[in-house]
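Undergrad: If you're matching them up, the sequences are chains C and D in order.
Under my numbering, residue 1000 is the last one in the first sequence; the count climbs by one each step, no gaps.
Under my numbering, residue 1000 is the last one in the second sequence; the count climbs by one each step, no gaps.
These aren't lab readings, by the way, just hints derived from the structure by calculation.
Any given hint could turn out to be false.
No copy is singled out in the list; a pair is fine if it fits within one copy or between any two copies.
Stated by the list, open to error - Calculated pairs, SDA-like style, for lysine to any residue (alpha carbon to alpha carbon, straight line, at most 25 angstroms):
#1 K868 <-> A718
#2 K884 <-> E539
#3 K568 <-> N487
#4 K635 <-> K917
#5 K688 <-> P507
#6 K917 <-> E710
#7 K714 <-> E484
#8 K914 <-> L630
#9 K622 <-> I880
There are 2 protein chains.
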Amino acid sequence: MSETLFAKHQDTLNAAVAATQSRDYFSPFKENPSPRAYGETANKDGENAFKAHIGADFALQMPGITGKAGSEQSPYGFEINTQYPAVDLDVLLPEMEAARKAWREIGVEGRAGICMEMLERINKASFEIGYAVMHTSGQGFMMAFQAGGPHAQDRGMEALAYGYQAMMSAPAAATWTKPQGKHDPLVMDKKFTVVGRGVGLVIGCSTFPTWNTYPGLFASLVTGNPTIVKPHPAAILPAAISIKIAQDVLVENGLPAHIVSMVIDEDPAKPCTAELAQRDEIKVIDFTGNTPFGNWLEDNCRQAQVYTEKAGVNTIIIDSTDDFKGLVRNLSFTLSLYSGQMCTTPQDIFVPAGGIETEDGHKSFDEVAQAISTGVTKFLSDPERAGMVLGAIQAPATAERIQASKGLGEVVRDSEAMDNPWFKDARVHSPLIMTIDADKEATYMQELFGPISFVVKTADTAQSIALASKAVKEHGAITMGCYSTDEAVLAQIEEASLDAGVALSCNLTGGVFVNQSAAFSDFHATGANPAANACLADLAFVANRFRVVQSRRHPK
Amino acid sequence: MSETLFAKHQDTLNAAVAATQSRDYFSPFKENPSPRAYGETANKDGENAFKAHIGADFALQMPGITGKAGSEQSPYGFEINTQYPAVDLDVLLPEMEAARKAWREIGVEGRAGICMEMLERINKASFEIGYAVMHTSGQGFMMAFQAGGPHAQDRGMEALAYGYQAMMSAPAAATWTKPQGKHDPLVMDKKFTVVGRGVGLVIGCSTFPTWNTYPGLFASLVTGNPTIVKPHPAAILPAAISIKIAQDVLVENGLPAHIVSMVIDEDPAKPCTAELAQRDEIKVIDFTGNTPFGNWLEDNCRQAQVYTEKAGVNTIIIDSTDDFKGLVRNLSFTLSLYSGQMCTTPQDIFVPAGGIETEDGHKSFDEVAQAISTGVTKFLSDPERAGMVLGAIQAPATAERIQASKGLGEVVRDSEAMDNPWFKDARVHSPLIMTIDADKEATYMQELFGPISFVVKTADTAQSIALASKAVKEHGAITMGCYSTDEAVLAQIEEASLDAGVALSCNLTGGVFVNQSAAFSDFHATGANPAANACLADLAFVANRFRVVQSRRHPK
Chain C
445 MSETLFAKHQ DTLNAAVAAT QSRDYFSPFK ENPSPRAYGE TANKDGENAF KAHIGADFAL
505 QMPGITGKAG SEQSPYGFEI NTQYPAVDLD VLLPEMEAAR KAWREIGVEG RAGICMEMLE
565 RINKASFEIG YAVMHTSGQG FMMAFQAGGP HAQDRGMEAL AYGYQAMMSA PAAATWTKPQ
625 GKHDPLVMDK KFTVVGRGVG LVIGCSTFPT WNTYPGLFAS LVTGNPTIVK PHPAAILPAA
685 ISIKIAQDVL VENGLPAHIV SMVIDEDPAK PCTAELAQRD EIKVIDFTGN TPFGNWLEDN
745 CRQAQVYTEK AGVNTIIIDS TDDFKGLVRN LSFTLSLYSG QMCTTPQDIF VPAGGIETED
805 GHKSFDEVAQ AISTGVTKFL SDPERAGMVL GAIQAPATAE RIQASKGLGE VVRDSEAMDN
865 PWFKDARVHS PLIMTIDADK EATYMQELFG PISFVVKTAD TAQSIALASK AVKEHGAITM
925 GCYSTDEAVL AQIEEASLDA GVALSCNLTG GVFVNQSAAF SDFHATGANP AANACLADLA
985 FVANRFRVVQ SRRHPK
Chain D
445 MSETLFAKHQ DTLNAAVAAT QSRDYFSPFK ENPSPRAYGE TANKDGENAF KAHIGADFAL
505 QMPGITGKAG SEQSPYGFEI NTQYPAVDLD VLLPEMEAAR KAWREIGVEG RAGICMEMLE
565 RINKASFEIG YAVMHTSGQG FMMAFQAGGP HAQDRGMEAL AYGYQAMMSA PAAATWTKPQ
625 GKHDPLVMDK KFTVVGRGVG LVIGCSTFPT WNTYPGLFAS LVTGNPTIVK PHPAAILPAA
685 ISIKIAQDVL VENGLPAHIV SMVIDEDPAK PCTAELAQRD EIKVIDFTGN TPFGNWLEDN
745 CRQAQVYTEK AGVNTIIIDS TDDFKGLVRN LSFTLSLYSG QMCTTPQDIF VPAGGIETED
805 GHKSFDEVAQ AISTGVTKFL SDPERAGMVL GAIQAPATAE RIQASKGLGE VVRDSEAMDN
865 PWFKDARVHS PLIMTIDADK EATYMQELFG PISFVVKTAD TAQSIALASK AVKEHGAITM
925 GCYSTDEAVL AQIEEASLDA GVALSCNLTG GVFVNQSAAF SDFHATGANP AANACLADLA
985 FVANRFRVVQ SRRHPK
């Protein structure tokens, strides 16, 4: 049956592999939540399916279930409290280890077909998952649908495609014929079997519970590792819906459901992640979250390959522009989107003290800072647009951080609590923008997660480049943006981005934003600076998740 | 100029990439040390070149040279004492770090062309290197030439080809065009630049000073990392000759010579390897050697990617055979070759207490053990053949270990000191073969490096399989061999080899030996058991040695 699935999905998989190589636009999943793409009743059905989970039990098939737990709350102001199975690791992990054999024997194409089918079914649940992402992460619905649905599925397929191509780099069998001059050649028949490393573990985050979970999940799965998802306690539901679908596909193909499992904290006050991550059965770990725990995993889970995406300080260098209005518009959306709670949102915008040249003539430092602040305010002046784009603040700690940060610089645009047009108890706070002098590095180079930005006053663009590089090298970054009309300056900034190891976006003034990256084309994180020790996704993200074991003999 | 080199070597490089994918026989370098292949005077010239190094100064171009050192001795009984430059790490490492930029800017094809040229030039020095390998490792000349010359060069090119294909998995540039329905598409021009991780370090071993050094060296180099070789103090010369050639190619191409450098211990009593390996500039480490230091590197060099090949306990399972004479002949050569000093030589041969079936009828356990012992003795009865195949014992500690091991089992074939026909002071000891009961695991499952083997008496083949698996899982192994006429038994053994993660050779009775592996076809080590955390070579061996940094902007 898994052969049928491989045949069904082979063309798409090959197209996905080709896209990772061409880096042109490719998306197997429709990003528009339209009735035409997803069906007339898809939105309503998805919303109803989400609502049916509220306060209900969520069933998953795993050995060793001991009870239930769950205490999710929507940042839009209501309780979700879905109850998920809690499991005994001493029962689950040996059973997952035992399931490696069946998962290995189904082979590369068998696993690829099954994983592709999982993604296709997950895509059909994009509305249900979209509402679940919205009400756990706090994202606005459109973003929750796109980033939590099709774009996350794209990233999952991208990782799957990399795993597939890495495994296909060796054939399943070969004949080796070595000439021996006048004598008969030496001939050996050889078999090459892909063997997973063990059990995989994917530790999710609260802000992107699917986008940051699918790559590790599908990379580990397709390469032969039964995999556990350990979602963030605040954002379990999107993972649980995905895992339920994955388990259905496994069972339909005669495989143990628990090849994909989920572990949650039975008691949120006693998180089990550290214990789980150090279990001997766990050989691959993917983590998205805070730097201290990411570093702890890297240092302490020596039995496993550990892939981490941690915190960083993203930067923008403004040197000059021939489209100041476009710059302001672009940055206003970037700073507003999901209230700055993206790992790609810029925190520090470096502007020379002497100001910049624009198509409208010279703009002073203060004029630039003011224009960006006013741009954000204007952009958010439409309450529905503000509600959709800002979403809600995921964690109370982030809201507190905004308040606590107001004294760190000179406030140009104050953050205010806002109403959401549809959810009266939503936790909404608009972006805080401050100016600060370049010498206050200790302040603006710490990561201040949330809608908190600094316009940093530098001596000149050379200093802007030096400080932005330093932020990347010392604190890590996933994105760097820049604006300049001078090719020599752009070349200098590009050189700095290569040295620091961070993806650069130049002169974005239209419909592409520094905090957005496109699967199959943009590498998300580089693995070359402290923000992440890996990239989503490339060959390095998959090649160490499996080994090839060979057997050779002379032909009969 | 590096473009010319890429064009010159492109066809061979493409053939090498294709070979890693087909796993058929491929060798760009001639393994026969014949005048026709290497020139009429190549042997004599190479020997003279080797002799000219004895007691002489060896020049390399590196910043920070402080003095000279070197105290190599030939296991064939004379002093080499070539003097190599000692360097100040505080000068060398910052200069190597600074050379990253030039090495990055020459690009993927530039680096590939230069590395291919280095290998071609190294190939031309195969006789000089062969004599240097012979007189540091103790290998017989034919093996030193082949394994230290063309076969090592093959392994270097294999790693280079993997690095090249991994880097080529992303294009250098791409245009991304995202349709926007009725609106103009979003278009971005993107650049993707391969960036090395930092400075590479390859820590060599005394027994295979080139074969185990070239893969890490060329994998790190081609992916953009200036690389230091730290040879074993007993086997510096083969590395030094190779590095000198690499430096010549770099200089001819206008690049800093020290992109490939060599560090030795200024005082052999105070090895500098641990300090060097922990330097912040070192981001990739390749190590071949003992398990404790390999584990130490993995645990303590957290700033680097660490690839290790350590010790192991290789096994043979004998269940039955239809070619007992071939089995004995094959194992006699295997146990004799380089006096068992290969990381692939079997140590434990599991045979059922009840004996085995053969084409000549039943053979008892004792008959099997005796036949292998007699086979070795007969094979070594020709003094010239014995001298060529056994070579010499590299380290005095290995000779002492043979003596100390004689009480560990019941001696079936005693090891004796032997004369070498050409070198009267050579350190030569023939293989020691003992029988032992299966329950003496603590004895035969420790690695006893050198020509020391056990024929282990097991209850039956099922126990043989269980014990061989246990040896792999707990102590590591690079090879496993087996003999059976029963397909069901072979399938069980193959399953066990997949579970334990070790390469299997079945029923070798002809001209292929369990301790030999062919570049481009056989994966050397798996990375799936404690003998090695990586394989030479596969995508996992190269993919983490570089990162891709992107830059994007809208087209004009």
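Undergrad: Evaluate each hint against the coordinates.
TA: For each hint, the structure was consulted:
Proximity of K868 to A718 under the C-alpha cut-off of 25 angstroms is found in neither arrangement, the shortest distances being 37 angstroms within a copy and 62 angstroms between copies. With identical chains, the CA atoms of K884 and E539 are never at most 25 angstroms apart, being 54 angstroms at best within one copy and 32 angstroms at best between copies. Proximity of K568 and N487 under a CA criterion of 25 angstroms is satisfied intra-copy only: 11 angstroms inside one chain copy versus 70 angstroms between copies. For the homomeric pair K635 and K917, the shortest alpha-carbon distance between copies (21 angstroms) is at most 25 angstroms, but the shortest distance inside one copy (45 angstroms) is not.
When the C-alpha separation of K688 and P507 is checked against a cutoff of 25 angstroms, the pair qualifies only within one copy, where the shortest distance is 15 angstroms, while the shortest distance between copies is 61 angstroms. Taking the shortest alpha-carbon separations for K917 and E710, neither the intra-copy value of 38 angstroms nor the inter-copy value of 34 angstroms comes in at or below 25 angstroms. For the homomeric pair K714 and E484, neither the shortest alpha-carbon distance inside one copy (44 angstroms) nor that between copies (76 angstroms) is at most 25 angstroms. Proximity of K914 and L630 under a CA criterion of 25 angstroms is satisfied in neither setting, with 58 angstroms inside one chain copy and 32 angstroms between copies.
For the identical chains of this complex, K622 and I880 are neighbours neither inside a copy (70 angstroms) nor across copies (38 angstroms), given an alpha-carbon limit of 25 angstroms.
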